[in-house]
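What follows is the residue order along each chain.
Protein chains: 2
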Amino acid sequence: MALVASARDDDTKKPATLDRLTALLKTDLDRVNTLILERMQSPVALIPQLAGHIIAAGGKRLRPMLTLATARMCGYRGDRHLALAAAVEFIHTATLLHDDVVDDSDLRRGLATANAVWGNKASVLVGDFLFSRAFQLMVEDGSLKVLGILSEASAIIAEGEVLQLVTSNDTETTEDAYLAVIQAKTAQLFAAASRIGAVLADRPAPEEEALTAYGRNLGIAFQLVDDMLDYSAREVELGKTVGDDFREGKITLPVVLAWRQAGETERAFWRRTLEELDQQEGDLAHAIELMNRHGTLGATLDRARHYGEAARRNLVLFRDGPERRALDEVVDFCLARGY
Amino acid sequence: MALVASARDDDTKKPATLDRLTALLKTDLDRVNTLILERMQSPVALIPQLAGHIIAAGGKRLRPMLTLATARMCGYRGDRHLALAAAVEFIHTATLLHDDVVDDSDLRRGLATANAVWGNKASVLVGDFLFSRAFQLMVEDGSLKVLGILSEASAIIAEGEVLQLVTSNDTETTEDAYLAVIQAKTAQLFAAASRIGAVLADRPAPEEEALTAYGRNLGIAFQLVDDMLDYSAREVELGKTVGDDFREGKITLPVVLAWRQAGETERAFWRRTLEELDQQEGDLAHAIELMNRHGTLGATLDRARHYGEAARRNLVLFRDGPERRALDEVVDFCLARGY
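Residue numbers (the numbering used here), protein chains in the order written: chain A, 1 to 339; chain B, 1 to 339.
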């Protein structure tokens, strides 16, 4: 795609991986991974089997790394960030498992979903188990403030997922409604994970708010790119099936923007494929063609870049150092997936 | 059924309803119901719609009433029991919603399940929302001890549900394995709900343990009767479909006991119907006939009575009074459903 190639040329000097962050946090991250493995154990063997399948499947641990890095950037020197990072990952995994039930997607991270292997029932229940474990970890930590942040985030995530369900198959969904969905279902946990760093280090309110905003903006950028990739990524590269959202009639920004510019013939196409889910061979290719015609994938990436820049600005409050630089690079990583 | 009729004759003087408990707790219960309605609200309209469907559908509020009654029996005079009772009901409702996804059952409390009306997706996500709300209520209450009790209970409930899934369709399931399932999936929340009363009143450990044991024994008795009713209750009377467990191949105690006494022909029948789920017209009737032949419904009720008596004994530590008498009658209520 020409648009995508030229975007890459603008940013050739930016690293596009989480390598620096992962290297910086290696010791902490190893301990978090150990804790995750320990705390997903249960005498009921299916639980660690299924949880291990999704947790060990090469997840980037992006959200727990936000907690680890923000805590250290804020000068926190204790150990509490480890258990809370594990709690954040458990909440994320629980939502993935429940999302698998919901979305009927066949590929996640390039492996068969837990749902496809063990069925809906087990995915729901193991998700519930991990969600409960997250709260047990927080209770052991003993901070009511952190418990408040993550229980509120969990409620908002669920609201966002329900809102997504309601807007599904509705081609009249507005950009605002779409943004409300991704802010709740994705950005809320990024925000909470980042905020916890400031809470642990007992930093003043403006820093806590800046990290909350950083996480929220980063999360929005991340999801925008993710939704764009669903119409452009190559399956092998990202372990993500192209066209999942299309097949489900999920209304993401590339569709919202294409609908806005569509004439009657194109609207009839979107209605047939996304509202009525009456899809034929070649429809996905035609959808991508319409998106390219109206430049909606590029426009989605532009908005992601906008939120990414906002996330960067949220970091200026903090002292320069390896953690801040690594958190800045997380923005590049999230955006670079789209190039 | 002769067995059932004669059991009823033995107990004619026992009240079989929750009327006394409900009357005693009326003021508190009204406030809990108001709180439940308030806290299930969300700008996402589908959430209160779906949650209201299951919460307002005439649930007995048995579990929250345990918290209310034990708190008052223990001399607690504050207001905290109200929010915690609501949290208990939210956790219960979340598990019902997730159980609907799991069980594909068509009737619960005589109404169509949320699942049948709104689909699997919505049931999972609204369950997640209510579960998060429960934790928000606990965080507002501010007791880490209560948070610990209910987060542990939630993890154990999920383990129990997964264990039930694993033993499903396995006719070799033992009585011990069955008991482990119902202790986790049902009795754990009864125990936690009752224990909270002692915690709120800051009573010494022996009283906390006695109420935990009361709830656990009561919960086991309740579930035993429930599982018996699945092979004997009349649909209209209990709003419960007879034969749900049978159709799903769920291995409950009436089956475990019938399998134990079965010869090869009968075992072949159980294997075909419950393991292979190859069921024909008349199979449910034949299953009930086999259970009557071996007296396994009566034996299940006997065990329920045993746990019910244990629950009664757990109450002797507490001063006599209207709450204790009402909690004693809850045992009668749970058992009387089986007569």
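Treat the hints with care, since some could be wrong.
Said to hold, decoys possible - A few chain A residues that face chain B, going by a derived Cβ cut-off under 8 Å, partial list only: (1) 78; (2) 98; (3) 124; (4) 144.
Treat the hints as calculated values from the structure; they're not laboratory data.
Cβ atoms here follow ideal geometry from the backbone N, Cα and C, with glycine treated the same way.
Structure-based check of all given hints:
no.	hint	verdict
1	78	18 Å, violated
2	98	5 Å, holds
3	124	5 Å, holds
4	144	6 Å, holds
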